[in-house]
Amino acid sequence: MNRTVNIISKNFKKYNPESIEEYLELGGFEALKKAIEMGPQEIISTLKTSGLKGRGGAAFSTGRKWEYSANVKGDKKFIICNADEGEPATFKDRYLLEYDPFKVIEGMIIAAYTTGSTDGYIYIREEYKYLHNKVRKAIELAEKHGFLGKNILGSGLNFNIKVVSGAGAYVCGESTALIESIEGKSGRPRLKLTRTSKQGLFGLPTLVNNVETLAAVPPILEMGVEEYIKYGTHTSKGTKLISLCGNVNKPGAYEVPFGITLREIIYDIGGGIKDGKQLKFLQLGGASGAIIPAKLIDIKYCYEDLEEHGASVGSGAILVADETNKVTHFLKSVQDFFIHESCGKCTPCREGNRQLTKIINRFVTGNASVEDLKTVEKFANVMKYASFCGLGQTAPTALLTAIKYFPVEFYQQIDRIRKTS
Amino acid sequence: MKNCTITIDNKEVTVPEGTSILEAAKKVSINIPTLCNHPDQTVKANCRICLVETKPGKLETACSTKVRDGMTINTVSKLVRDTQRGVLELILANHPQDCLKCIRNGKCELQKLCEMFHISKSNLEDEIDALEKDESNPSIVRDHSKCIKCNRCIEVCQEVQGVSILSHAHRSTKYCITPAFEKKLVNTLCVFCGQCTSVCPVGALYEKDDTEKVWNALYNDNLHVIVQIAPAVRVSIGEEFGAKPGTKVTGKVVAALRRLGFDKVFDTDFTADLTIMEEGHELLDRINRGGTLPMITSCSPGWINYIEGFYPQLLDHLSSCKSPQQMFGALSKTYYAKKLDLDPSQIFTVSIMPCTAKKYEAERKEMSSYGYRDVDAVLTTRELARMIKSASIDFLNIEEENFDEPFGITTGAGVIFGVTGGVMEAALRTVYEVVTEHELENLDFMDVRGLEGIKEATVDLNGTPIKVAVAHGLSNAKKILNQINEGKSDYTFIEVMCCPGGCIGGGGQPIGSTMKVREERIKGIYDVDKVMPLRKSHENPAVKELYEEFLGQPLGKISHKLLHTTYSPRSEKIDFDYLQWNNEIALTEE
Amino acid sequence: MDKFKVDQELIAKIDRILESYDYDDNSVVNILLEIQSHIPENYIPEEVAKYVGIELGIPTSKVYDVITFFSAINDKPKGRHVVQLCKSSVCRLNKYQTIRDVLEEELKIKMGETTKDGQFTLRYSACFGACDISPAFRIDDKVYGNLTKGKIKEIINTYRGL
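Chains as they are written, first to last, in our numbering: chain H, 1 to 421; chain L, 1 to 590; chain A, 1 to 162.
The shape of chain H in the complex, shown without the other chains (with noise of 0.2 Å):
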């Protein structure tokens, strides 16, 4: 049973990315000229309506974001598309840039339309290399035929957009370490003393929007915001690009609306579970979300639901474990992701995933104490708590969550050692 829905993903593998004609001929570029009929202030009130939301894992209002960016004055405005995709288990955007490149633009034009923008930047992970010159590619064919550069459609709009790669550094999915990146810095995230709305590149006005938010736009000004919220639920509308891998039969980026049930989504959309196993955890939002076990699985895929379990969308990233994973394990291989990834600046983030690691890895080793236990979750809350920047306050995550879900697990590690032998 096919379970998918087509509004962000229509186009994927439907025309050749090269052709901006084959676009055209899909539609491509009405929703900017709908946008110019409707003007700023509609296209702000109707992404209110339509209830998007940051896709890349902040999750804050975009109709807001944009309001916002939209009140600031300046001659020169930024407006940067986070395409630094880097949390593991995440690869939808790499789905939208390879797929449908000009749909991203086409949001980020509309972006700039709404909040008077003149300068884009699309910053792409060094992982997608294979992907900057395609996209490259893109943004000269929709100069070539008008919808970048002066006066775009008569609107009075001047807008030009620039691919920057990443260098492979998780923490520049961060905006102001995404910002720093563009100015020629290491990319450690920023004291942020004004909103980045105000004071971003270059200390100048800036809109920082993830790659499916801006991919968005389009359908949802293209089919009507009224058509839209009727996907979702009451408060998560709409639809989402989820990536779905594993140990799941169908691994891949799938577009679902909010409110299917979690078992839907691995059952029917992603085949079950590889080799007929039994499904055993999940982690939602990449690295940095929460682990849920698997008699969770019926509560629906939307903000509400998950938050009540301390979990959230993130990303959107779905992470299928089979039984014969061991949660303390697997928690060492998000471990080595985030001792790898932490810029370093922050004592909670550099110290704290340093100890961490240490007595995660003595849980599995299986000569953890008791005290152990106490101390790992002591840290992981003072890391929460005290980062600078949502990596660190993140990274913890799901370790905190597998303390709450498998506290058995963690318990069988300690002494395993001694005990056995």
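Hints are not guaranteed to be accurate.
Here are the simulated EDC-like pairs of lysine to aspartate or glutamate, each with C-alpha atoms no more than 16 Å apart in a straight line [stated by the list, open to error]: (1) A:K50 <-> L:E182; (2) L:K183 <-> A:D75; (3) H:K358 <-> L:D126; (4) H:K129 <-> A:D140; (5) H:K374 <-> L:E125; (6) H:K378 <-> L:D82; (7) H:K137 <-> H:E98; (8) A:K95 <-> H:E98; (9) L:K183 <-> A:E104; (10) A:K95 <-> H:D322; (11) H:K192 <-> L:E60; (12) H:K384 <-> L:D82; (13) A:K151 <-> A:D75; (14) A:K142 <-> H:E98; (15) H:K162 <-> A:D22; (16) H:K378 <-> L:E125.
Simulated from the structure, these hints should not be mistaken for laboratory data.
Since the structure of chain H is provided, determine the placement of chains L and A on it from the hints.
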């Protein structure tokens, strides 16, 4: 401006909008603990010690968060205390715990926090980075295994001094503060100003300690050990013993030095006066003979290192005068040796300086006269305090004593060398009178005083207006050098001091040289100047006698040989072989 | 290892790259990536870092910060082709270890090492977003997934002698 009324720990307080929680809390007598925060620097919020609860379950850093009207802040909730302690425990688990043997024992900000939080046992496993100490240079030691990554040294190195030798690098547990490619400082263009040592909250950056070298010299019966004290030391060393910044303790230092066993105690102010005679005449000579202008002062060794490294094309602008420290050293091994009928090799000249770069200066190849090093050992203010403490001298209560003659006879012009603008003011007092042959009515050149980064003044010399400038802090010097480089400078004479505030803010001064403290020390210096019977260098009778007996005249042959020097471009690699030769002098005899 | 020699040819290449970025110091990250791709040893030697710093007016210490911060820019020499095996949590669930064993056997080096002929460096990657075809590895810019032992050998062979 709008006001915000907030509640901190059940106490209401109204503060202007834009005030940080940290500042607001001070208003109600709550000192929220901090570590990376420094009063003269930008807010960093990277140590995360100053977290407070701004909403139930939400912590924000007090240093970086501005108050919002109606805010309720809790600084002592369980969450706050647990988290603050947790952060501190994390720092400690990565910090060597040899506090008793640490140079910053008792003056360490981390140690204070541990005391405050009563840190005893932690369940964390220590993991200390085993990193090699950098002791490659004569001035500064970097022990980065002790670094807590507060980034203060980076700000001073990049923003205040503009040399950018230090930066952060790497990430996660490898994150560190380092010169490019982990080079030792001696292999970089570090100017050795030591400003990093004075902002470091812990023992990761400090002056190279030469006290043992000096003790050994003092214990050596074959050596006649003399000492000179720089102007800026007399208004700062008291802080090491609990006196207020700016307290003048000249007589006490002299007395303490005698107790330590120095044979003669002299004043660098004397050679500061001499510097004015030489430099003033050099300036007039350049003006009259069409020499390179603007001429720039040369008494700040950090500054010399800077121009040699970063603007070698402008070296001709430097005055050829040695610094007062080196002029003193040169005279000690010649004029003074002759007077006492001692062989120069028997004289061991120590200087007490507010400065780490002075250690480097004393080691320079150019700084020897007739084969003898001008200065044998340089101690910073902090090191002298260490010696005085280890000799159990009750410094604040010691009876004051006077300098020895002849190098203890000085003027107010000499003492103001210790502050930004001082060399300029001293020079103007002399140059004006030499040129115009009129007595100056007002000796105080207010335009060149104060903490403004770049100061300007115009002086009328017999109808010729002379434009002068004063810069302190190398990023300010850089602006002036760029003007010269572009041919846009209309100054005749420029004073540059490497450190903010001049020598009173030097890298060897007592820890805690905030701008506020610098101001107090500056005040102390001008107070000394004001009450001096003589306030112009050319009126110093001992200097006059020196010219009559020995030097002949300013810029004369002997002066040229002893009191002037040359400069050369500095590349990133420096040959320090000759260092060993110098160290042997003091260390061979026990 | 011998000191890296910067020859005229490389300087000319670097100059061209700098020019293509209008000597914009903000672009130093992308500039370094591009320069690195022209250096067979796949890294930024000290001399190059200094040169770039001087040309762009950035202190070497800050160039070094950028080099050491980003995973994709190397401060030490690497092989001509860098083989990166993903060891993220996803690839762990899909047993990247089996791929590692085949790669190590095929290249006769361990993770983190470079082959004697300087042709390949084998190392881990934190995650390059190929979780839908996990376990996966990457050679230079190209990603390979859904792997079998035979397929891995075939892929490696296409890079030999390249």
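To see whether the hints hold, each was checked on the structure:
1. Between K50 of chain A and E182 of chain L the alpha-carbon distance is near 14 Å, which keeps this suggested pair within the 16 Å criterion.
2. Between K183 of chain L and D75 of chain A the CA atoms are separated by roughly 14 Å; this keeps the pair inside 16 Å, and the hint holds.
3. For the proposed pair K358 of chain H and D126 of chain L, the alpha carbon gap of about 10 Å is at most 16 Å, so the pair holds.
4. The hinted pair formed by K129 of chain H and D140 of chain A meets the criterion: a straight-line CA distance of about 9 Å does not exceed 16 Å.
5. With a C-alpha separation of about 14 Å, the suggested pair K374 of chain H and E125 of chain L falls inside the 16 Å cut-off, and the hint holds.
6. Proposed proximity of K378 of chain H and D82 of chain L is supported: the alpha carbons are some 9 Å apart, at most 16 Å.
7. Between the alpha carbons of K137 of chain H and E98 of chain H the distance comes to roughly 12 Å, so the proposed pair stays at or under 16 Å and holds.
8. Pair hint K95 of chain A plus E98 of chain H does not hold up; C-alpha atoms about 27 Å apart against a cutoff of 16 Å.
9. Taking the CA atoms of K183 of chain L and E104 of chain A, the gap is near 34 Å; set against the 16 Å cutoff, the hint is violated.
10. Between the alpha carbons of K95 of chain A and D322 of chain H the distance comes to roughly 12 Å, so the proposed pair stays at or under 16 Å and holds.
11. For the suggested pair K192 of chain H and E60 of chain L, the alpha carbons sit about 12 Å apart, so the restraint of at most 16 Å is met.
12. Annotation: proposed proximity of K384 of chain H to D82 of chain L holds, straight-line Cα distance about 12 Å (limit 16 Å).
13. At most 16 Å may separate the alpha-carbon atoms for a hinted pair to count; K151 of chain A and D75 of chain A exceed this at roughly 32 Å.
14. Between the alpha carbons of K142 of chain A and E98 of chain H the distance comes to roughly 14 Å, so the proposed pair stays at or under 16 Å and holds.
15. Note on K162 of chain H and D22 of chain A: the hinted pairing holds, with a Cα-Cα distance of about 14 Å set against a maximum of 16 Å.
16. In summary, the hint linking K378 of chain H to E125 of chain L is supported, as the alpha carbons are separated by about 14 Å, within the 16 Å threshold.
Checked against the numbered hints above, the structure violates hints 8, 9 and 13; every other hint is satisfied.
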